[in-house]
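Throw the hints in and build the complete structure from the sequences for me.
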Amino acid sequence: MPDQDLDQRIAALMAVVADSAPAAPPFDELPHRISRPAGQSRRRALPVVALAAAVVVIAAVALWTSRSNRSTVNTAGAPSARFIPASLPPGLQITQARDLSPSRYYLGAPMWLYGRSASDPASADLAVVVARWSSSNRGGFVYPNLPSVTFGGKTFTVRPVGGANLTLVGWSPTPTVEIYLLSDKLPVTELETIGLHTTVANGAPVLTSPSLLPAGDHVIATGDSTYLLFGIVSQGGTSVAYHAPSGTREGIDIVTSLGHLDPALVQFWLSKQTTHIHVRGHPASEALSPPDNGSCPLTPTTEPRSSAGRANGPSTCATNPISISLLWQERPDLLISLDTVGLSEAETKAIAESLGHPSNAQWSHLLSETTTTTAP
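Residues 537 to 912, numbered by the working numbering, are exactly what the sequence shown covers, in order.
Quick caveat, the hints were computed from the structure, so don't treat them as lab data. There may be inaccurate statements among the hints.
[Stated by the list, open to error] Below, computed lysine to aspartate or glutamate pairings styled on EDC-like, alpha-carbon distance capped at 16 angstroms:
#1 Lys-808 with Glu-905
#2 Lys-721 with Asp-661
#3 Lys-721 with Asp-753
#4 Lys-808 with Asp-661
#5 Lys-721 with Asp-656
#6 Lys-690 with Glu-726
#7 Lys-808 with Glu-822
#8 Lys-690 with Glu-728
#9 Lys-808 with Asp-720
Rendered as structure tokens:
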């Protein structure tokens, strides 16, 4: 089965990462990764596992991913999860259309958001995540070879996430579970103190000393954060990709992720990102990533496009363009991420606004005519 091959590929990747450099796992190779023609960039514009200097964008959302309640979630490939653009810049051609099945490797990363008001999730003080995997080759944030600190006799990993605006304090109580405390308000020592008094029961965090939380804090939202944290479509969805002819660096990746999630949790996450805009009438995050060689300014290429879709002129920025990433909650059960390479902000936003549902016949045709393997 293709899903089994994917899970085996991911597990093998995680095994290599766990035994090698103390960097975050190379999560540009994800279950929703789209194969690109030779010469295309394989760097994704939203690696949520980036360090402080990296530009990070978030996208998408899913429902609680314990296998016991998957029946409450739309199945992979549900027509309502399929989106394609009605219009494209000249020269771009579809290279992949794919229905995404629920992950068998990532078993969910439910998040509990603590604050004083559900109507103001951006002001929440703390998010607690319990992430689970089917294998000890975890794809999370806590690794033995990563920098760690010992506090109160307990070892914690401390690192930035969410556009480097959130501090994560994490630990692994069992080989297949990681617990994270995330905040942009509480100092690290307070997070570590809360961590000393946090356990897990029935998959949910238990704060044994609630008085350690800021006064008035209580759970104001909850839902699965697998896509937000890891870029993993854990409950199913779709992906489509469009690219220019071989030898150019222009392309579009669109990923949809199914699963109902409290909009307050999405608002909290988006509020920590780089730039806030509106897409299709919804709050969204936008981030620009510099090109691979770092030689171009942090603005999209605006060179005129030839009929083949290739940016004109000898400009280094035209041949090695930046990436733009958008992320928004299209409806309560669906998040959409849109990544472009070599397109302007105006072109990227126009593509987002033009998204619509293909007919079953259109989708079947796209599936039969395009590549359905993931990038190696």
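- [ ] Quickly compare the C-alpha distance for Lys-690 and Glu-728 to 16 angstroms and report which way the hint goes.
- [x] OK: Lys-690 and Glu-728 at ~9 angstroms, within 16 angstroms.
- [ ] Below or equal to 16 angstroms on CA atoms is what counts here, so check Lys-808 against Glu-905.
- [x] violated, 39 angstroms
- [ ] Could you grab the alpha-carbon distance between Lys-721 and Asp-661 and see if it respects the 16 angstroms cut-off?
- [x] Roughly 6 angstroms separates the two Cα atoms, so the pair holds.
Open item on the list: Tell me if the straight-line CA distance from Lys-721 to Asp-656 falls inside 16 angstroms.
Closed with: holds, 15 angstroms
Open item on the list: For Lys-721 and Asp-753, compute the direct alpha-carbon distance and say whether it is at most 16 angstroms.
Closed with: holds, 13 angstroms
- [ ] Would you mind confirming whether the straight-line C-alpha gap from Lys-808 to Asp-661 stays at or under 16 angstroms?
- [x] holds, 12 angstroms
TODO: Below or equal to 16 angstroms on CA atoms is what counts here, so check Lys-808 against Asp-720.
DONE: holds, 8 angstroms
Open item on the list: Checking one constraint from the list: CA of Lys-808 to CA of Glu-822, max 16 angstroms. Satisfied?
Closed with: At roughly 11 angstroms apart (the allowed maximum being 16 angstroms), Glu-822 and Lys-808 satisfy the hint.
Open item on the list: Does Glu-726 sit within 16 angstroms of Lys-690, going by the straight-line distance between their CA atoms?
Closed with: Answer holds: Lys-690 to Glu-726 is near 14 angstroms, not above 16 angstroms.
Of the numbered hints stated above, the single one contradicted by the structure is hint 1.
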